[in-house]
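> First to last, the sequence lines map onto chains A and B. Quick note on numbering: UniProt numbering labels position 334 of the first sequence as 334, and the sequence is numbered without any gaps. Quick note on numbering: UniProt numbering labels position 590 of the second sequence as 590, and the sequence is numbered without any gaps.
These aren't lab readings, by the way, just hints derived from the structure by calculation. Bear in mind the structure is a predicted one, so any value in this text is a computation, not a measurement. Just so it is clear, CB atoms sit at the ideal spot from N, CA and C, and this is done for glycine as well. Hints are supplied without guarantee of correctness; some may be wrong.
DSS-like mimics (lysine-lysine), calculated; alpha carbons at most 30 Å apart, straight line [unchecked claim]:
id, chain 1, residue 1, chain 2, residue 2
1, A, Lys685, A, Lys671
2, B, Lys523, A, Lys678
3, A, Lys50, B, Lys55
4, B, Lys50, A, Lys55
5, A, Lys50, B, Lys682
6, A, Lys523, B, Lys523
7, B, Lys671, A, Lys523
8, B, Lys678, A, Lys671
9, A, Lys566, A, Lys497
10, A, Lys682, B, Lys523
11, A, Lys523, A, Lys352
12, A, Lys523, B, Lys678
Per label pair, the in silico range of CB-to-CB distance [what the hints assert, rightly or not]:
id, chain 1, residue 1, chain 2, residue 2, range
13, B, Ala524, A, Leu673, 49 to 59 Å
14, A, Arg677, B, Ser367, 28 to 38 Å
15, A, Leu673, B, Leu45, 28 to 38 Å
There are 2 protein chains.
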Amino acid sequence: MTAANHRLDLDTGFLGALLDGPHADKRHRGREVAEHADAHLPDDLTLDQKREATKDALHHVVDSGMTQLPLPVDAGGKNDHAGYVSGFEELVASSPSLQIKAGVQFGLFGGAIQHLGNAEQQAKWLLPALKGELLGSFAMTEIGHGSDVASLGTTALYDPADDSFVLHTPFRAATKEYIGNAACHAQAAVVFAKLIVDGVDHGVHVLFVPVRDEDGAPMPGVSFEDDGYKGGLPGVDNGRIAFDHVRVPRTNLLDRYGAVDADGVYSSPIESPGRRFFTMLSTLVQGRVSLDGAATVAEKLALDIAIRYGLERRQFSGAGDAETVLLDYGRHQRRLMPRLARAYADAFAHEKLLESFQAVFSGADDSEAAQQRLETEAAGFKAMTTWNALDTIQVCREACGGAGFMAENRLVGLHADLDVFATFEGDNTVLLQLVGKRLLGDYSEELRHIDFGGAARLIGSQAAEYSLYRSGLANVGRTIGDLFTPALNASRIRSGKMQEALLASRVESMVAQVAQDLRPAAKADPATAAALFNDNQHALIEAAQAYVELLKWQALNEAMHAVDAKAHPSEAKVLRRIRDLFGLSLIEEHIGWHIMFGRLSMARARQIGPAIDRLCRKLRDNAAELVGAFGYGPAQRRSAIAEGAEAERQEEAAEYLRRERAKADAPVDEKVLHRRRKAEAKAAKGAQKS
Amino acid sequence: MTAANHRLDLDTGFLGALLDGPHADKRHRGREVAEHADAHLPDDLTLDQKREATKDALHHVVDSGMTQLPLPVDAGGKNDHAGYVSGFEELVASSPSLQIKAGVQFGLFGGAIQHLGNAEQQAKWLLPALKGELLGSFAMTEIGHGSDVASLGTTALYDPADDSFVLHTPFRAATKEYIGNAACHAQAAVVFAKLIVDGVDHGVHVLFVPVRDEDGAPMPGVSFEDDGYKGGLPGVDNGRIAFDHVRVPRTNLLDRYGAVDADGVYSSPIESPGRRFFTMLSTLVQGRVSLDGAATVAEKLALDIAIRYGLERRQFSGAGDAETVLLDYGRHQRRLMPRLARAYADAFAHEKLLESFQAVFSGADDSEAAQQRLETEAAGFKAMTTWNALDTIQVCREACGGAGFMAENRLVGLHADLDVFATFEGDNTVLLQLVGKRLLGDYSEELRHIDFGGAARLIGSQAAEYSLYRSGLANVGRTIGDLFTPALNASRIRSGKMQEALLASRVESMVAQVAQDLRPAAKADPATAAALFNDNQHALIEAAQAYVELLKWQALNEAMHAVDAKAHPSEAKVLRRIRDLFGLSLIEEHIGWHIMFGRLSMARARQIGPAIDRLCRKLRDNAAELVGAFGYGPAQRRSAIAEGAEAERQEEAAEYLRRERAKADAPVDEKVLHRRRKAEAKAAKGAQKS
């Protein structure tokens, strides 16, 4: 079953440096945390022990020096947001529970104080938070409302009588829910509540609220419930928080975008309540950026494990005597190689996202256009990467058979822990609708201003001046006609221009189609407009997915072109294979569309599948180096099947069988006996005849 | 956002009886087990406690009277195999751990004694096993080999000196692995080992081996390891078993298909060792049949939960004031309704499978043709249904947002427990390859006899005389031409004949294509033939999937046609919607293929998506009744979000908001204030002017 060998001589270190990107040093620091065994959460710990171990492991994150990277230089930081997030997302290798707990503590709780608090508030609470001395919750989501933050029910009523806010949970659905650190560890919380001052509801603002006293008892009026067992992330103590007329001083309002002065007068630097709300929420983008990266880390780990095992595990004897290595099976290659290519795309695309993130958060370019592009890309990337990671982990787990189901081989734990990534920090479906809505708004000024109601309304008010659509797509789409020459041979099917044109023209057409279908909404009443939007919701989300796929492909393509092909011919070549496999896989996934809309002739479409098969076979021969470039070692993988045990066992078995066969009295296979007897009978018959 | 209502007045009981099939009474008995709380495995139990609770709950299964149903009538049974399996698979609602533990104990351990043992052996061990008094393991899989049973390494050497077998694990990879009941509870095991008698290796046979003494200590020479934590099924104590020259009496060989007499002479009623091996393994089909059913139960439970929640949960305000019910969103319908249709197809197809199973196992029709058809269908159904169940559970969990991730809402547990279904009792990929190989063999006599090596060899030796392909497909495929009239309108796109023709012709063409590609193998050496087969492995598996999809569609179609449309017009109509949604979804999934191979014109293909949207909307209006027909109650669902808590909370919140708004001093929204001020300014300006 061995065909031609397509192995290229690869410099794994070179590829690894490309993947790790400009913040490689921070990534390495993040990976080193995995070397501390105390954060690994062995399965036989109780839930409480896992929570304590995770809390205690926070100090490794603090010790790594990462948590203060995003502080301004004059506050002792480096204004390094991308480096911070890079290091952070690598904590997945230590344990996703630690990554998320650290995300709650430093990113969300600390981040809210940094981005929404004033200097005085930062002086009091920020450093203790970033040092892990003041543990906190980010109390936004309620039982009744998650992704729809504007509809939160918790109220913060200003009481001029004693210059304080009265925080209150007026009904059960307004109870804060799924709040990390709430069940056990939070001493304080940043609480999202409707701010009511002097009879006016100013919408959602954030307050700093002490929730437990020094002995860990709930502060008066604060009550907790434990979310208990979840599908994963056992080290994170999620819980519910309710407030019964809890008073906090006026100065506990994080007041960068909305303040109440000593006279009880509300003011804000942003006049429009809608813009103010979205500005406050914009700091949430950091969570989405880091989930995009964390999901990428998780899929790399899973592929690393499954491919190492697939290169050792043998099953079913081949044409000769030796059993066949799993990764030599055509189907096994088809399951894993396109996912490997996609992991490369996710990694390079994530580095681009980090670039935008750093520009906006460092202040290098925090124009509204840059902010909105960041938000759109973070939303789309987070949604697509987290789903992809879940699928990839599941395929990897199945590719390892029964061994994949054993907790000690890590894959089931990664799936369980990553599961919630699809619905937290913005439900993936809602996030993709946001991306779709932006595409629509860019496509048509008219559509930007229609009130579609429902979820669409939330997004409508965020419309921006820049154009994703026109800048990114139209010029690419235009070139597609040129590529439709009838004589496309097998190698031309791998043309990068062709791939980009197909991917881009799909986005273009899908958005145009939805826009056309929505046009009547301009003259309709709101209910009809909303119904029309709803009829197109599925199509709009598909368009958003197509757009994100295009961006990921472009990032991979760019990374490939950035390699000096003269200095690094093999690496450039393997990246081209990866890009082509990713691009063609995307095209194959939607091949019906490409044919239906006349982008691919049927004859050409039939070449896609075989081209993918060839690329899978070629990449298989460098599979070891390609996962090696991810830069993980046994401390990060911690999967018994990925470290050579299987090969060792096979060697032992083979050695035993060799010895047995060499023995004079080795048993004869009954089948051989049957064949022998038949031959003897035949010979005897022949002898009789002659 | 409310469109026309398509609600039909449905008789849920009537639909439920259809779904539950001819063994409804056994299903109800199985569901009742879920009412015993002691098998529910609350998350806060330790692993040991979960294992003990599951073991203890076995008695509910025994008490239900189910375990003896498959015994012959003269042994006190009912020869009722389908009823037995029907009741059994419903144990998933109690806990998948119990279902699997019971499957190991009664189905595999008991089943091996019943099907492979002689009368004396059955008299000694069978009833104690079926009463749960003698707990046992089914020790087939080894670390080194799972799906490839023929390559097992454990040996059973006959020693004439003391008329016993010496059971031995000659190397680490031959250790029995993932064995249910092994870690704690098994007193005995049916052990698969290569039988060596008088210098001849007769291939894999099964022996009854006591593994623990009355105090639970390992028998001399037997050693155990605990598999510990897995991705799910915590109540099943999986472990490893190794044998160090363990002696068992000659009479412990389960000798229906291979015996050793008192003189140490081996004999078998089946001369060919290959056929003998597959005959012994054929009893394994029961496991696959019941996993097909258990996976169907799991997907029904998940849909029941997610759809009930989706009908209550509201999120994002609609065009008016009230928030929109999740299931009114177009995308939400697109996520859940096609899966609901597929669950119906899985349920009806499973009943057909049970029919074949009953015919073969009861002896009503145990012809080789019937046996092989059963094996092929069980393999294909098990693979496709278990994958589908996993996907459906995941989609359901995400459709419930954060609540879906909470253990108390059941969905994450179902996913974790069902995960291993994809790779045990035959890896899904290997099973589908078996189906594909059968299709090939039926297509071409020539291909049936080529030795492709590898996994294909295993299957090749099972070739049968009957024809799946010719009987099931060709006549359907032939009608497709007639359907290609240019004037297909929107309603014709729902034509059942059209759906069947498209699904069938796809199978036909895919099989023909692979067969053509493999033709050169007939004249090639084994290595080249194997390589050629491997190049086509992916395509062959896709063809097998298409075949299973066709069978499932046909089962659903048949069930629909069996309803008397005059007596039950609404039920017949809703089943037609379900069939059409399932059929069109399958066609949409592979729309590229249908266009590429000229089966669908582009114009017609573009009608599929909108037709699916319309069907989703229509079925949404009967969603409550359609999951109601599954027949589960709170005791089976046990999901906090599925029992009305959400609606209650919303009512409380709405009531609060009503009261607040009625107050004279209710806070004014700042946005309203802005609008008011603008209006006043405008009015003032107007007043100045006039």
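> Each hint should be assessed against the structure and marked as holding or not.
Evaluated hints:
no., hint, in the structure
1, A/Lys685 with A/Lys671, "holds (21 Å)"
2, B/Lys523 with A/Lys678, "holds (25 Å)"
3, A/Lys50 with B/Lys55, "holds (27 Å)"
4, B/Lys50 with A/Lys55, "holds (27 Å)"
5, A/Lys50 with B/Lys682, "violated (62 Å)"
6, A/Lys523 with B/Lys523, "violated (71 Å)"
7, B/Lys671 with A/Lys523, "holds (25 Å)"
8, B/Lys678 with A/Lys671, "violated (95 Å)"
9, A/Lys566 with A/Lys497, "holds (21 Å)"
10, A/Lys682 with B/Lys523, "holds (26 Å)"
11, A/Lys523 with A/Lys352, "violated (40 Å)"
12, A/Lys523 with B/Lys678, "holds (25 Å)"
13, B/Ala524 with A/Leu673: 49 to 59 Å, "violated (29 Å)"
14, A/Arg677 with B/Ser367: 28 to 38 Å, "holds (29 Å)"
15, A/Leu673 with B/Leu45: 28 to 38 Å, "violated (54 Å)"
Violation of the numbered hints given earlier is confined to hints 5, 6, 8, 11, 13 and 15; the remaining hints are satisfied by the structure.
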